[in-house]
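Q: If you want the building blocks of each chain, they are given just below.
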Amino acid sequence: MIEFRQEPKFGTDGPILVMEDLCKSYQLGHTELRVLREINLAIESGEYVAIMGPSGSGKSTLLNMIGCLDRPTSGDYRLGGQSVSALDDDELSMIRGARIGFVFQSFNLIAQLNVVENIEIPMYYQGYSEHESDERARELATMVGLGERLGHRPSELSGGQQQRVAIARALSNDPLIILADEPTGNLDSSSGADILAILDRLHNEGKTLIVVTHDEHIATRAERVVRLFDGRIDKEEFNRR
Amino acid sequence: MFIFRLKRTVKLGFKSLWMHRLRSTLTTLGIIFGVSSVIAMLAIGEGASRDAQEKIAQLGSRNIIIKTIKPPEDQAAGGQQQTLMEYGLTYKDAERFQNGIPDVQVIVPNRRISQQALYRNRRTSLEVVGTVPWYPEISPTRVRFGRFLSTTDMHYRQGVCVLDERVVRELFALDDPIGQDVKIGGDYYRVVGVATEQSQTPASADLESKDATGAKKASGANVGAMYVPLTTVRERFGEMSMQMSSSSGQTLERIELQEIIVQVQDVDMVMGTRQSVQTLLSRFHKKNDYEIVVPLELMRQAKDFQRIFTIVLGSIAAISLLVGGIGIMNIMMATVSERTREIGIRRALGAKKKDIVIQFLSETLILTLSGGFLGMALGALIPFFVTHFGQMRTVITGSSLILAFGISGAVGIAFGLYPAYRAANMDPIESLRHE
Ligand SMILES: Nc1ncnc2c1ncn2[C@@H]1O[C@H](COP(=O)(O)OP(=O)(O)OP(=O)(O)O)[C@@H](O)[C@H]1O
Ligand SMILES: [Mg+2]
Numbered sequence: 049m050i051e052f053r054q055e056p057k058f059g060t061d062g063p064i065l066v067m068e069d070l071c072k073s074y075q076l077g078h079t080e081l082r083v084l085r086e087i088n089l090a091i092e093s094g095e096y097v098a099i100m101g102p103s104g105s106g107k108s109t110l111l112n113m114i115g116c117l118d119r120p121t122s123g124d125y126r127l128g129g130q131s132v133s134a135l136d137d138d139e140l141s142m143i144r145g146a147r148i149g150f151v152f153q154s155f156n157l158i159a160q161l162n163v164v165e166n167i168e169i170p171m172y173y174q175g176y177s178e179h180e181s182d183e184r185a186r187e188l189a190t191m192v193g194l195g196e197r198l199g200h201r202p203s204e205l206s207g208g209q210q211q212r213v214a215i216a217r218a219l220s221n222d223p224l225i226i227l228a229d230e231p232t233g234n235l236d237s238s239s240g241a242d243i244l245a246i247l248d249r250l251h252n253e254g255k256t257l258i259v260v261t262h263d264e265h266i267a268t269r270a271e272r273v274v275r276l277f278d279g280r281i282d283k284e285e286f287n288r289r
Numbered sequence: 027m028f029i030f031r032l033k034r035t036v037k038l039g040f041k042s043l044w045m046h047r048l049r050s051t052l053t054t055l056g057i058i059f060g061v062s063s064v065i066a067m068l069a070i071g072e073g074a075s076r077d078a079q080e081k082i083a084q085l086g087s088r089n090i091i092i093k094t095i096k097p098p099e100d101q102a103a104g105g106q107q108q109t110l111m112e113y114g115l116t117y118k119d120a121e122r123f124q125n126g127i128p129d130v131q132v133i134v135p136n137r138r139i140s141q142q143a144l145y146r147n148r149r150t151s152l153e154v155v156g157t158v159p160w161y162p163e164i165s166p167t168r169v170r171f172g173r174f175l176s177t178t179d180m181h182y183r184q185g186v187c188v189l190d191e192r193v194v195r196e197l198f199a200l201d202d203p204i205g206q207d208v209k210i211g212g213d214y215y216r217v218v219g220v221a222t223e224q225s226q227t228p229a230s231a232d233l234e235s236k237d238a239t240g241a242k243k244a245s246g247a248n249v250g251a252m253y254v255p256l257t258t259v260r261e262r263f264g265e266m267s268m269q270m271s272s273s274s275g276q277t278l279e280r281i282e283l284q285e286i287i288v289q290v291q292d293v294d295m296v297m298g299t300r301q302s303v304q305t306l307l308s309r310f311h312k313k314n315d316y317e318i319v320v321p322l323e324l325m326r327q328a329k330d331f332q333r334i335f336t337i338v339l340g341s342i343a344a345i346s347l348l349v350g351g352i353g354i355m356n357i358m359m360a361t362v363s364e365r366t367r368e369i370g371i372r373r374a375l376g377a378k379k380k381d382i383v384i385q386f387l388s389e390t391l392i393l394t395l396s397g398g399f400l401g402m403a404l405g406a407l408i409p410f411f412v413t414h415f416g417q418m419r420t421v422i423t424g425s426s427l428i429l430a431f432g433i434s435g436a437v438g439i440a441f442g443l444y445p446a447y448r449a450a451n452m453d454p455i456e457s458l459r460h461e
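Which chain is which? The protein sequence lines are A and B, in order.
First residue of the first sequence? That's 49 in the numbering used here, and the numbers climb one at a time after it.
First residue of the second sequence? That's 27 in the numbering used here, and the numbers climb one at a time after it.
Rather than coming from a laboratory, the hints here were simulated on the basis of the structure.
Cβ atoms here follow ideal geometry from the backbone N, Cα and C, with glycine treated the same way.
You may find that some hints are simply not true.
Listed next, the stretches of chain A that the computed footprint assigns to chain B, with coverage defined by at least 3 CB atoms under 8 Å from CB atoms of chain B [as the list claims (entries may be wrong)]:
1. 112-120
2. 158-166
3. 232-244
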C-alpha cells in the first residue's frame, strides 16, 4: 500500500514519467489487436506535451495508460519513480486520485452536483477535511473565473464554463500531471481559446501538461509534440519559442 | 474525518435520490407497506394472543373443571317413552375426588340453575350458583362489599345470597343491596355481599352451551350470577328439572351437580391429576355424561395456535417486504446503469471500488430506512384503527418495531449489495465512454 499524503519521495531530477517498450493489445476473438507498440517515452516535470495522430492511432489509449486507468500488456511504466505496471486496482485508484488530474473532451461533470461540489470530488476521495476542501474548491473556481457561479449546476453553465470547472477539478488534488483528451473538442473557438489560455497559465506556473489534440494550433503551444501512427511513436518534435 | 465522509455520503445519496423524486418515492412505498404490514400483523396477533391468554388465565391455571354434559341420546334403547333422565356429576364424585386423589387441594362443587329474580317491582334473569364458601379461592370472583357465603350459611342452609355487580345493577340501580331480600320462586334470599362479575370466556361459553342443564339458558346468554349456599339450593330446588325437547317431548332430568372444580397445589400436578380424575370417573360413569376442561391445556393450545398464527401472518408480511426489496433492487440496477458515466468519472478521479460500493449501498439504505421509518409510523397507525373501528385488541411490542426496522435495513443491504457490486466492478474506461 502506498501512502501519498506524505511528501512524495521521488527526486526532482530525472523524468517524472518513463515508459519503456510499453505495449497494449486487445484480444478480439482469436486475433490480437495491437493498439500501442513499443512505446518509449520520457516526460520531464513541468513539460507541456501534445500528443497528435490520426483517429484510431492510440492517443486516448496512451493517455489512459499514463493516467493509470489502464494497465500495459507488456513493458514498464514508471510514474514519479514508481513502477505502475504491477499495481492492483485499489493502488491504481490511489495514484489517480493523488497524482493525476483529468480533463475530458465532454467535460464529464456530475449533473446532480454544483460547481463547488464537482471540484471537491478528488479531494473527497483523498480525505481532505470538509473545511479544507470547501475553501480550496472556492479558490479554484474563482481562479478559473467562476467565482460568481459556485452554486450552479452543470446544466446551468455553458460548455466553456463547464470545461473550466473540469480544469479546476483536475487541479484540486494538486496532481503531478494534468491529462487532457481533446479539451477543446466540444467547444467553439472563443471558449476553446479561454481554455487554452488557462492551460498556458498552468504551464507557466510549472505544471506538467499532456494534451491530446487534433488541432495543430494547440500543438504549437506545447514544447513537444509526440506524433502517433498506428500505435507507434512516429515522430517527436520540439518547438522552440 | 469519518463523520465528514458519512455526512457527505448521505448528503450525496439524498441528492441523487432527489433527482428522481417520484421514482424514489414509488420504490420506497414497497418497503413502507411491507414494514407497516409486519408491524400491524404482529400487533393484531399479539393482541389476540393476550386476549386469549388472559381469558383462559381467569379460569385458573391450576384448576381442572369437570362439567356435566348431556349424554348422546340413545335412540334404540330410550325410545319416546323415556321421561326421566338421570345423568351428570354427583356429590359422590366430589367425595371420591377428595378421598381418592392426593394432589387435590380445593374442591368446589357447583349447581347452576337459570332463574328469574324479583326485588320490589324489578325483575331480572340470572344464574343461581349453588356453591361453597371457598368458591373465591378457585375463581377470579372477588367480594366487593359485605362478605361471601360462610360455613355457617352452608351448615344451616341459610337463605342468603351474594350477588354479582351485574345483578345489583339490574335489580337495585342505586339502592344499597346489602340486607335486602331478593325473591326467587316462593323463597326469599337475603343479600349478604356483592361480588365482581364473572367474565364470560369464549372457551367456557362454548363449553357450557353443550351442557343440557338447568343453566342452559343462562350460560350462553350474558346474565349475572347469584351465589347461594349449595345446601340451600339442594333443599329448595331439588335435583329435578323439566326439559322440553323436540324429539321426545317432555323430559324430566335429574342432575346433582353441573360442575366440580378441582384445584391442585402446583401447575406441574395438573396433567397427572387430570388423568386420575378421568380414571376415577370412567369407573363410575357408564354414560359419557361429563367433560374435563383443563385451562392449562387450553392455554398451551392457545399458545401453539398463536405461534402458527404469528408465523403465517409474519410470512405474508415478510413476502411483501421481499417484494419491496426486489423492487428496490430493480430500481438500483436501473440507477447504476443510468449512472455508468458518473461511476467512470468517480473512478478516474480516485474512487476505489469500495467507495463506489459505499455510495450505492448508502443510497439503497437511505431508501429502505426511510421506508422503514414511515412504515413504522403507518404500522403503528393501522392497529390503532383496527382497535378503534374493529373492536379488536392490538398490542404493538417494541420488539416488533425493532424487528421491522431491522428487516428493512437488512433488505436494504441484501438487495443493495448486488447493484453496488455491479457498479464498482465496471471498467473505468468503458464507463467513461458510455453513452
Ligand atoms: N476496449 C477495446 N477493445 C478493443 N479495441 C479497442 C479498445 N479500446 C480501444 N480500442 C481500439 O484501439 C484503437 C485506438 O483507440 P484510441 O481510442 O486510442 O484512438 P484515438 O487515437 O484516441 O482516436 P480518436 O482520435 O478517434 O479519439 C482503435 O482502433 C480502437 O478501436
Ligand atoms: Mg481519442
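Q: Would you mind marking each hint as holding or not holding in the structure?
A: To see whether the hints hold, each was checked on the structure:
no., hint, verdict
1, 112-120, "holds (count 4)"
2, 158-166, "holds (count 4)"
3, 232-244, "violated (count 0)"
Checked against the numbered hints listed earlier, the structure breaks hint 3 alone; every other hint is satisfied.
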